[in-house]
Amino acid sequence: MTMFSARNWREYPQRYRLEAVKFKKSGKTYFPPRQVDPETGDTEREMVVLPDTGKILTYTVIRTPGPMFKDLAPYALAIAELTDGTRLMAQVTDCDVDAIKIGMEVRLEFRRVQSEGASGVLSYGYKFVPKWY
Amino acid sequence: MREVYVVGVGMSEWGEIWQKSIRDLFVDAARAAISNAGVDRLDSLYVGCMSGGLFVGQEHIGALMADYLGMRGLPAVRVESACASGGMAFRQAFLEVASGASDVVMASGVEKMTDVSGDGCTDALATAADQEYEVFHGATFPGLYAMMAHAHMARYGTTREMLSAVAAKNHRNGAKNPVAQYPFEITAEAVSKSVMVADPLRILDCSPITDGAAAVIVTTKEVAQKLKRPYIKVLGSAIGTDSIALAQRADITTIKSATIATEKALKMAGKAIGDIRFAEVHDCFTIAEIMVAESIGKFAPGKAGEAILSCETSLEGKFPINPSGGLKSKGHPVGATGVAQIVEVYKQLTGQAENGRQIPKSPTLGMAQNMGGSGASSVVHVLEVAG
Amino acid sequence: MAGIVGYGAHLPRHRIKVEEIAKVWGQDAESYKKGLMLREKSVPPPDMDTITLAVEAARRALKRAVVVKPSEIGAVYVGSESHPYAVKPTGTTVAEALGATPDIHCADFEFACKAGSEAMFVALSHVASGYMKYALAIAADTSQGAPGDALEFSAAAGAGAFIMGMDNLIADCLFTHSYMTDTPDFWRREHQFYPQHGGRFTGEEAYFKHTKGASNAILKKSGMQPKDFAYAVFHQPNGKFPQRVALELGFTQEQINPGWLAPTLGNTYSGASPIGLTATLDVAKPGDMIFMCSYGSGAGSDAFIWKVTDRINQVRDLAVRTKKLLDENVMYVQYGTYAKFRHKIIKND
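Those protein sequences? They're chains A, B and C, same order as listed.
Sequential numbering from 566 applies to the first sequence in our numbering.
Sequential numbering from -8 applies to the second sequence in our numbering.
Sequential numbering from 1458 applies to the third sequence in our numbering.
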């Protein structure tokens, strides 16, 4: 899937800095940010930055990837719950994919997520790494 | 609202149909349905199609199909809700007849998936997931269902044997379905030993890539009676939705959209889940059938796997699931699947299921559950034998 | 006085052993291990590059800086010979990721292996001049050696980052000296994937002449002698060169030990002496003097004299230590994986 540069650029606050929104009424944090609280309909909100550690809720190891991720296979993908309760999906990198477990502690690191071929734009964002220090 | 009936059904060949284009597939199914119903006209046409644009570079499917069906001028529109497009098209046809706007409406679905490479297909299907927060990170559809599977296994102790039993059971049914893409039996052991695609899902846990179309004629009681063909009644129709992104769901071990749609459809039908005799459900992956069987309220959370292992959902069981062979054996041309489910419910309720695939003791009440993506949309129909 | 407010490093977890590379090319691993004092090197996976290493090192520097808000950083300079883009700065992505945009100056530096120390020099100058309150200098590389070339045994990846300022220092910069000539010992032409080098010409007339030139000059300028320093850090294209130059200049093995990382890290090019400095700061005590001299082919050296302040004890453990990243939890890869990671396998686009 072609990822034009503006499309990725638009997401920088989330992908580069983990910016989320917290709604006033419910106090709930959503990532990625959204305009309306799905539970209360509230639109009053503030920007918050997510914590960078959490635990794996579920995961998989992709052995048959899409065309953009062939060079990484096999790679792990997980949903983790961060220490503030927010959940997000990202790859788990720098690990033995067969050793990943539900409940494993992870940390978010800044990584290259996609490369548009050899000449296109590079897309950066977050990935999980095992939290070992 | 007026009462709504299904009076005739048709399907194209299903499988890797190299010699047929998307329009040929549609016309084959549509003509079969028209002939099966014996209607001499259509008032409008709905075509479920997930991604004509990405699979064959063709949008504007409604007008194209009306034209090739020999019905230029016919009101025609394409309906999209990822893999639930077909079921959604059927609901649109239902609403149009129920509203009184039209009397004879075709609900159809079509997908031509083999005109792109495997990579192209993976990309096209992935558009049903959250592009920015799932696909961007390398999520594939087997990957998303695999994450649900791991969570379900961790929470409820669901096992590899249970997943494999779903595939084996559906292939047993599909082996008797003349349109099935893979009309043969496979053993649970073969599923368990097949190559890993996205842990814990293996290749035989996954539904295939399929070309195919399906069509049904949706009409009024008066028209149905005049045609003197077997017909069934649509008792309930409902849609449920949830967040597209898995990470944002309150619980990823259940398909909330299916629960919402089922509850609404049953309420509309004035029935309880216990009244339903069988179901066609969206088994795009083996884990999906287990989760849907629970989400529609038929089995308690974590209990569907056991029920499938003990043959409760087999053709001869108390609550047969996917007598057609399901997406797993029959095939999964994404936009057509939801309509093909209605075709199977029609056949079962009118006693026309082929090759010993008929559910015993003439079932009178069935349901179809079709879903999009990793379950962000579900459409459920409750159908009853009529005349 | 200008100096370091916060520092940080980042290294890949993956390593490849010299034996594993030697095996593929029919070379003698022992000669690399003994002759160049190289045992293994870091290997960046495909989702890690100079930008990502720079961001993680800089985040650690910010943690240790404590008092510095990203918006207070007036400049970000990244020195590297492996900027991911030929045209489009590394620093813009780094600044954006740190939340330091848009009121900031940015430039990428390139001077073979001393691009990082150049960035440090310029950042120091900016804060010393009063042009800005804080400036961020990053030394990062994911260097490439041609398959089968001697450089393949050493070319490694890593990053060091330093926030320079005038207050809240953990190390004062007492003196600097730069020394440079036009010496063609190592180069990479435009559009070429791997660098070339002048073989043994990279030794006496290149590394040693410039390292000693800058070192002797800064010692003279400062009136100090090797024995006045607690530690010394040199550019380390392998394990042997920094050891030899240190001993020839009158430093001891003990002085270089904390920052002598090449035997198990390899040559992190722009990152080499800056990462060595982070490892040295990790163990330094208040009042310690640290000698540092980089080297970049082409050729030149930047020398610095740092004096560690009391604040080091408060900030040292606000981020992971460099030696921990180097020694713990490493994952060894075989040549096939290494070749895949480093895009050495030819595929159709």
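Since the hints were made in silico from the structure, they are not lab data.
Hints may contain errors.
Stated by the list, open to error - Listed next, the in silico SDA-like pairs over lysine to any residue satisfying Cα-Cα at most 20 Å (straight line):
| # | chain 1 | residue 1 | chain 2 | residue 2 |
| --- | --- | --- | --- | --- |
| 1 | C | Lys1520 | A | Glu674 |
| 2 | C | Lys1545 | A | Lys696 |
| 3 | B | Lys309 | B | Gly378 |
| 4 | A | Lys696 | C | Lys1797 |
| 5 | C | Lys1590 | C | Glu1567 |
| 6 | B | Lys258 | B | Thr355 |
| 7 | C | Lys1480 | C | Ile1802 |
| 8 | C | Lys1545 | A | Lys587 |
| 9 | C | Lys1669 | C | Arg1646 |
| 10 | C | Lys1797 | A | Ala571 |
Please read these numbers as outputs of a predicted model, since none were measured by experiment.
Each hint tested on the structure:
Using a Cα cut-off of 20 Å, the hinted pair Lys1520 (chain C) and Glu674 (chain A) holds, with the two alpha carbons roughly 15 Å apart. Pair hint Lys1545 (chain C) plus Lys696 (chain A) does not hold up; C-alpha atoms about 32 Å apart against a cutoff of 20 Å. Taking the CA atoms of Lys309 (chain B) and Gly378 (chain B), the gap is about 24 Å. The hint is violated against a cut of 20 Å. For the hint pairing Lys696 (chain A) with Lys1797 (chain C), the CA-to-CA distance comes to about 25 Å; that exceeds 20 Å, so the pair is violated.
For the suggested pair Lys1590 (chain C) and Glu1567 (chain C), the alpha carbons sit about 24 Å apart, so the restraint of at most 20 Å is broken. Distance check on the hinted pair: Lys258 (chain B) and Thr355 (chain B) sit about 17 Å apart at the alpha-carbon level, within 20 Å; holds. Our distance criterion of 20 Å between C-alpha atoms is met by Lys1480 (chain C) and Ile1802 (chain C), whose separation comes to about 18 Å. Of the supplied pair hints, the one linking Lys1545 (chain C) and Lys587 (chain A) is violated, its CA atoms being roughly 34 Å apart against a limit of 20 Å.
Our distance criterion of 20 Å between C-alpha atoms is broken by Lys1669 (chain C) and Arg1646 (chain C), whose separation comes to about 27 Å. Annotation: proposed proximity of Lys1797 (chain C) to Ala571 (chain A) is violated, straight-line Cα distance about 29 Å (limit 20 Å).
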